[in-house]
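S.K.: As given, the protein sequences belong to chains A and B, one line each in that order.
The numbering of the first sequence is the numbering used here, which starts it at 1 and goes up by one.
The numbering of the second sequence is the numbering used here, which starts it at 1001 and goes up by one.
Take these hints with a grain of salt, some might be off.
[Said to hold, decoys possible] Partial selection, computed: residues in chain A whose CB lies under 8 Å from chain B:
| hint | residue |
| --- | --- |
| 1 | Trp22 |
| 2 | Ala27 |
| 3 | Ile171 |
| 4 | Ala230 |
[Said to hold, decoys possible] Where chain A lies over chain B, by a calculated footprint (3+ residues, C-beta under 8 Å):
| hint | stretch |
| --- | --- |
| 5 | 1056 to 1066 |
| 6 | 1110 to 1122 |
| 7 | 1160 to 1166 |
Think of the hints as simulated: they come from the structure by calculation, not from any bench.
Only a predicted model underlies this, so the values are computations on that prediction, with no experimental measurement involved.
Backbone N, C-alpha and C fix where the C-beta goes; we use that ideal spot for every residue, glycine too.
Residues per chain, in single letters:
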Amino acid sequence: MRTSFIRAVKAESLKLKRSPVWLAFFALPIISAFFGTMNYKLNMEVLKAEWYSLWSQHTIFLCYLFMPALIGTYCSYLWRLERTRHNWNSFLTAPVPISCLYLSKLTQAVRGAILGNLWIFFLFYISGKLAGIRSGFPPETLEWFLCGTVGAVVVCCVQLLLSLVIRSFAIPIGIALAGGVFGLFMTNHDYGMNYPYSIYCLGMRANNPNMEISLSALIVNSVGYIIVFAALSVFYLRRHEIAAN
Amino acid sequence: MNTLRMEFQKIKRKKIALTICALVSVQFAWLLWSGSRPDEDARLQGWIETLYSLPLMNVIMMPTIMSVLASRLADVEHKGNTYKLLNTLRRPGALYHAKVICGLLFILAVCAAQFIFVIALGYTRGYAGHPEWKYYAAAFVLNLACCLSLYLLQLLLSMLFFNQMIPLVAGLGGSMLGLILMYVKMYSFLPWGGFLSAAQARMDWNPDTRIIRFYYRAYSPVELCAVFMIFVWIVVFYTAGRILFSRKEV
């Protein structure tokens, strides 16, 4: 099982070689960081919490509205590779358990999300230095990163399932954007922790860097969602796709 | 006409209308939520406020909605690899026109649905008086023009790139840029900021009294240029799309 999984992950890496898929995670955080820093510099008399103020400027829109859609784009791309030509047949008849095939896709999606997150934090650090913030880099960022990554895995699972069931490339991305917008509503009504698209934003403390969240609730809900959506995806792969091709 | 009919046959059972409806429904839900319990002051300013808030929602969501629409219409040809085949059946460019008109009909339906919804919502909530039809008509036309310019841009990208990830990321980037432009000025010369220039109402917030007042916009010469720019973008994207698409067909 372990060897199969490693082989499947290697195969997925080969499929993604030289593809421009990283562009998405690269470009949007730059726009967000640039304008977030500009806004911070222009409103320094109001935004006095230095790193914490800068963080909310950088991440509020990116995390709520665009990161789910970016992860959705990545997931759509992963399945599109199989949908073009007759790749489905090769994919499903590979001498590897279906669950390993799914996990290899999930691994790639999570890897993309983690790299995207690291890029956001790197831009945050650079922007802070360029903006002339003199205080030390907040140590809480490690917790934000870890919690955000757990939330990103949830979004990856949801989007992988959507992109698997919906054959269109674009529709799951539209759903992700709508999901992100609806996440604002859910977070506003204190249901954020129960809604898959909001967990990422809450983990990243995108709305408020000083927000206290229940770590146990975040982990339990995230693990629950990951298991449910991963199981549904594997079930769907076993039941439907072979028949459809 | 035949080519246009063929376009609708191609997208049969692709549920494009359903997808667009679902995305626009998010906007409707947002509108329902944002002013669910209007007080007396909100009712007095309701009709003007609607003309302020609708473009702001569109500036965030429409670039992505247009990218989804254009991608769905263009991807049919990529998947079937039909460019050369179609060129043998009709003159170059006919397919492009059909896709533009097909998309325009969807956009027209979306804009009409938006305005019907906000007007119905206003009457349901008991906004004072009636909508100023002059401003509402202008807002409708400019909204349609902004959507069309974005659709033409996205159609161009979706046709050029086989990998639909690129146009969709461009759409998402446009949404983000629009959202950021919103904080810079209430007009923009960029295609993604056209909705800001198209807004028929402005907001005045007094930080001392914390009172928000909406008023109908009196365009300055620069803002009028920004509105004119929406139509310039339509011409630019249409021409570029027609040239590139015709070449691609050959």
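S.K.: For the stretch 1056 to 1066 of chain B, does the count of residues with a C-beta closer than 8 Å to a C-beta of chain A reach 3?
M.R.: holds (count 4)
S.K.: Is the coverage entry for the stretch 1110 to 1122 of chain B by chain A consistent with the three-residue Cβ rule at 8 Å?
M.R.: violated (count 0)
S.K.: May I ask you to test the interface hint for Trp22/A with respect to chain B, counting a Cβ-Cβ separation under 8 Å as satisfied?
M.R.: 11 Å, violated
S.K.: Ile171/A was flagged as interface toward chain B. Is the shortest Cβ-Cβ separation under 8 Å?
M.R.: 5 Å, holds
S.K.: Under 8 Å is the threshold here; is the Cβ of Ala27/A close enough to any Cβ of chain B for the hint to stand?
M.R.: Holds, about 6 Å.
S.K.: Using the nearest Cβ pair, does Ala230/A come within less than 8 Å of chain B?
M.R.: With a minimum Cβ separation of about 23 Å from chain B (threshold 8 Å), the hint on Ala230/A is violated.
S.K.: Cut-off 8 Å, C-beta pairs, minimum 3 residues; does the coverage of the stretch 1160 to 1166 of chain B by chain A stand?
M.R.: As far as the stretch 1160 to 1166 of chain B goes, the hint holds, because 4 residues have Cβ atoms under 8 Å from chain A.
Checked against the numbered hints listed earlier, the structure breaks hints 1, 4 and 6; every other hint is satisfied.
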